[in-house]
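Protein chains in written order, with this note's numbering: chain R, 1070 to 1314; chain H, 1070 to 1314; chain V, 1070 to 1314; chain C, 1070 to 1314.
It should be emphasised that the hints constitute simulated quantities derived from the structure, not laboratory data. Careful, some of the hints might be misleading.
Identical chains share a label here; the pair holds if one copy fits it or two copies do between them.
[Said to hold, decoys possible] SDA-like, lysine to any residue: derived pairs with alpha carbons at most 20 Å apart:
| hint | residue 1 | residue 2 |
| --- | --- | --- |
| 1 | 1183 | 1271 |
| 2 | 1183 | 1270 |
| 3 | 1276 | 1211 |
| 4 | 1183 | 1136 |
| 5 | 1214 | 1281 |
| 6 | 1276 | 1203 |
| 7 | 1214 | 1136 |
| 8 | 1305 | 1092 |
| 9 | 1183 | 1207 |
| 10 | 1183 | 1200 |
| 11 | 1276 | 1226 |
| 12 | 1156 | 1180 |
| 13 | 1156 | 1268 |
| 14 | 1183 | 1234 |
| 15 | 1276 | 1207 |
| 16 | 1214 | 1181 |
| 17 | 1214 | 1288 |
| 18 | 1156 | 1289 |
| 19 | 1305 | 1243 |
| 20 | 1276 | 1200 |
| 21 | 1183 | 1071 |
From a predicted model like this one, the values you see are computed outputs, not experimental measurements.
Protein chains: 4
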Amino acid sequence: MPNPLDEAHYALALANRIVAYEGVLDGFGHISMRHPGNPNRYLLARSRSPELIEPGDILEFTLDSELVVPSDVLPYGECVIHGEIYKARPDVRGICHHHSAAILPFCITGNELKPVNGLGSVMGVTVPFWDSREEFGDTPMVVTKPEEGASLARALGPHWMVLMRRHGATVAGATLQEAVFRSIHTHRNAELQLRSAALGQVSPLSKGETELACAYSLRERPMGRAWEYWTTRLAKAGELPPRVS
Amino acid sequence: MPNPLDEAHYALALANRIVAYEGVLDGFGHISMRHPGNPNRYLLARSRSPELIEPGDILEFTLDSELVVPSDVLPYGECVIHGEIYKARPDVRGICHHHSAAILPFCITGNELKPVNGLGSVMGVTVPFWDSREEFGDTPMVVTKPEEGASLARALGPHWMVLMRRHGATVAGATLQEAVFRSIHTHRNAELQLRSAALGQVSPLSKGETELACAYSLRERPMGRAWEYWTTRLAKAGELPPRVS
Amino acid sequence: MPNPLDEAHYALALANRIVAYEGVLDGFGHISMRHPGNPNRYLLARSRSPELIEPGDILEFTLDSELVVPSDVLPYGECVIHGEIYKARPDVRGICHHHSAAILPFCITGNELKPVNGLGSVMGVTVPFWDSREEFGDTPMVVTKPEEGASLARALGPHWMVLMRRHGATVAGATLQEAVFRSIHTHRNAELQLRSAALGQVSPLSKGETELACAYSLRERPMGRAWEYWTTRLAKAGELPPRVS
Amino acid sequence: MPNPLDEAHYALALANRIVAYEGVLDGFGHISMRHPGNPNRYLLARSRSPELIEPGDILEFTLDSELVVPSDVLPYGECVIHGEIYKARPDVRGICHHHSAAILPFCITGNELKPVNGLGSVMGVTVPFWDSREEFGDTPMVVTKPEEGASLARALGPHWMVLMRRHGATVAGATLQEAVFRSIHTHRNAELQLRSAALGQVSPLSKGETELACAYSLRERPMGRAWEYWTTRLAKAGELPPRVS
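Just need the whole structure built from these sequences, with the hints factored in.
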């Protein structure tokens, strides 16, 4: 019988590969989940590109982003992004940090990302914008110190997605599956908004539409249909993570 | 000997996969056809992503979008789009509802979609524009109520394609094959028009050119050549639907 | 021992597949070559999508675009494009007619296509622009009548490529291989020019640079390197045409 | 036991294929490395498209770009780009010359390429711009004469990347791996900057951020993670170069 932690390792490897296969993550970026049995821990792979991650790559961290079992395996330099958000937001159980080519233009220009179709509404009514330069001045453009992670978590506040100036985005979810769904569909919304800008004035969803469409989209039916779709695409491409024996 | 209904199930699964493979449909959206033997029924898959659909997924609906054989299989939430158009338009035998990345920028900005080359003329001289907000106020940005479907069908009127503000497009055809042809070539026309907008002023086809080119394009030769092309591409990718035994 | 006509059939099927694989041709468009043994004939496939063409699909035409061996196989409706240009231009031995997504924006807006890098110079110093509406008024946006083909050939004049308003491009070559090379590299030049337009003012090659770069690019070394590259890519994708036994 | 020169041949073939697979190189362009045992020599393939190169294609050149072992194998016409830079810059051990579709728009418009995210900082604070026309007037838009290569090397100066007007880019690295990393990530930075231009004003990294992020990105961890990622992608696609026996 599979135990929940093995299942979590597999699910997290799968989530990494899905979000990479759908074009949001590339060689960099990462997805984590809160530990299924201990809310004071989170799971995140060792420093490796998302589309290559296997269940055996998953490490366990405290919310201070310390490895639970010390080892010489290298974690991501930016693991504090995950730890500080899990610490600040008990309702968050999945986080994706990425630098997608659709989201970056908004991070580079400061243009506001807005929901332009039903699925894009999962970004929520407000998407905060964080600029590391304001609090930390010149940095190597990575979030590696606990105080930087905590600053980002404060910027996220009660929302579900935060844009990072000249850097990327961090996307949270009430579940790992929701973080995946939100990462992919806000990426696609950004692509649509970018393409629309070539034509003229964008007409986004109203606040009411955003709230209604977000609630509708995060139900089991659309989330499940998308999960089957992404998993089958990965399977057809021969990219499912290996099962550990 | 294959019976017509089995053939229809296969053709509809094939149509879903073609339109997905050619980049118009993604994880969401759907194609239906009128029942080949009973004009008061239509066929549409259970709630599943188009590129995964198999003949065994196809369900039968009344024009009021009720399942003919009650079951606990989940239909698409938006099946009323299909039912209400089949009800209003006896000449329509295939319908595709989609959210393509080429069409959406027109739905998001309100810019007019126009035929810019011969094949694009299959959109017709007029492409109406429907905004759910006008009649229904804030909604979850899906068409799930019969009155919403009926409103969309009225907007479509005698035309063959309707744009849906901040949502997508619904494309009809005199046959399933024509709905597929129109979905793909209007998607490509939209992409061309979008790319042209980066260069300067678009010079669309005249009304006369549109009518002549539309009639020319919907003949058996170009439609058949395209069908062979799309089916062969799908076959080479190993993506033809399975034959039910 | 292979005879020259068999070799020509194979080369023409290969050329069709190369230009399709490299993204210039899609379900429509076609490539022809002058008959290797009889300058008053040309070879062109039956009406079929370019990426599917096999040596056995190749038909032989007079310069008046009549089938040499009458049959009930369907030729392309636009074969007169080829016949009329071969008639007017004895130095042309290969022709490609296409509707590429990079070239079309220039045909739709009337913006001038210009050489923006070394390989793009193979378009030549002048790329004429033909609008069927000027001489023929409203048409179905296809060139199916001998007088339409002759008008297009006059517009081409002594040049190597002609843009067709709201339609596509016709590209000629001193050899079949040159027509392929010119089709692909002018398509890529168009894509570069289109992408550059998003940034600012395009600075094209001077007339002198264009002439020098064109002569340099059409030598055996670059043409041969490209041919090996395209053929190998096709082979790796399993898309080489079958050899007839 | 593998000898260092065999390893260098393999590494250079691999580097060519990686940079091609990641979309920076196409049928043209080339990568070289300084000879691992003799700083007065460099290694570069015979005239062949990058994605096809095998270890057996690698040739050895003096810094005057003469073949060390005369043969009738054809070298690239532009090998002087490599020789002249290795001559002028003892700290350079890898060079890539390319014409990527993301970089070219900057070469065509003269718009300044700027670091817009952390990884893009590897272009350095200054990216010089070279226009062959200024010193040499009309040319075939290739760098084939030693004095042209030397002029380009002077333009590069102490920097790591130079844009070439209406031509492409030449990218150097302290190692072959660094040249690959810089070629791919500056290409992606260019794509992001181009896409951002459609939205509004680009806000690049500050000089301090660029310096810090560049130093951070060129460490072993990110370079190694990227190398594993690119090599695995190539392996999955069946595109690793053959090992010579």
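Structure-based check of all given hints:
1. When the C-alpha separation of residue 1183 and residue 1271 is checked against a cutoff of 20 Å, the pair qualifies both within a copy, at 9 Å, and between copies, at 19 Å.
2. With identical chains, the CA atoms of residue 1183 and residue 1270 are at most 20 Å apart both within one copy (12 Å) and between copies (18 Å).
3. For a Cα distance limit of 20 Å, the shortest separation of residue 1276 from residue 1211 across copies, 16 Å, qualifies, whereas the shortest one inside one copy, 33 Å, does not.
4. Proximity of residue 1183 and residue 1136 under a CA criterion of 20 Å is satisfied in neither setting, with 37 Å inside one chain copy and 37 Å between copies.
5. For a Cα distance limit of 20 Å, the shortest separation of residue 1214 from residue 1281 across copies, 15 Å, qualifies, whereas the shortest one inside one copy, 38 Å, does not.
6. Taking the shortest alpha-carbon separations for residue 1276 and residue 1203, only the inter-copy value of 16 Å comes in at or below 20 Å, while the best intra-copy value is 29 Å.
7. Taking identical chains as interchangeable, the C-alpha atoms of residue 1214 and residue 1136 lie at most 20 Å apart only when both belong to the same chain, with a minimum of 15 Å there against 52 Å between chains.
8. Taking identical chains as interchangeable, the C-alpha atoms of residue 1305 and residue 1092 lie at most 20 Å apart whether they share a chain (16 Å) or sit on different chains (17 Å).
9. Taking the shortest alpha-carbon separations for residue 1183 and residue 1207, only the inter-copy value of 16 Å comes in at or below 20 Å, while the best intra-copy value is 29 Å.
10. Within a single copy, residue 1183 and residue 1200 get their C-alpha atoms as close as 19 Å, and across copies as close as 18 Å, so both meet the 20 Å cut-off.
11. In this homomeric assembly, residue 1276 and residue 1226 come within 20 Å of each other (Cα to Cα) only inside a single copy, at 19 Å, whereas the closest approach across copies is 30 Å.
12. In this assembly of identical chains, the alpha carbons of residue 1156 and residue 1180 never lie at most 20 Å apart, being 29 Å within a copy and 44 Å across copies at closest.
13. When the C-alpha separation of residue 1156 and residue 1268 is checked against a cutoff of 20 Å, the pair qualifies neither within a copy, at 42 Å, nor between copies, at 35 Å.
14. With identical chains, the CA atoms of residue 1183 and residue 1234 are at most 20 Å apart both within one copy (16 Å) and between copies (15 Å).
15. Taking CA atoms no more than 20 Å apart as the test, residue 1276 paired with residue 1207 passes between copies only; the shortest distance there is 9 Å, against 36 Å inside one copy.
16. Neither within a single protomer nor between protomers do residue 1214 and residue 1181 lie at most 20 Å apart by alpha-carbon distance, with minima of 27 Å and 33 Å respectively.
17. In this assembly of identical chains, residue 1214 and residue 1288 lie within 20 Å of each other by CA distance solely across copies; the values are 18 Å between and 36 Å within a copy.
18. Taking the shortest alpha-carbon separations for residue 1156 and residue 1289, neither the intra-copy value of 27 Å nor the inter-copy value of 30 Å comes in at or below 20 Å.
19. When the C-alpha separation of residue 1305 and residue 1243 is checked against a cutoff of 20 Å, the pair qualifies neither within a copy, at 28 Å, nor between copies, at 34 Å.
20. Taking the shortest alpha-carbon separations for residue 1276 and residue 1200, only the inter-copy value of 16 Å comes in at or below 20 Å, while the best intra-copy value is 25 Å.
21. With identical chains, the CA atoms of residue 1183 and residue 1071 are never at most 20 Å apart, being 41 Å at best within one copy and 50 Å at best between copies.
Of the numbered hints stated above, those contradicted by the structure are hints 4, 12, 13, 16, 18, 19, 21, listed in ascending order.
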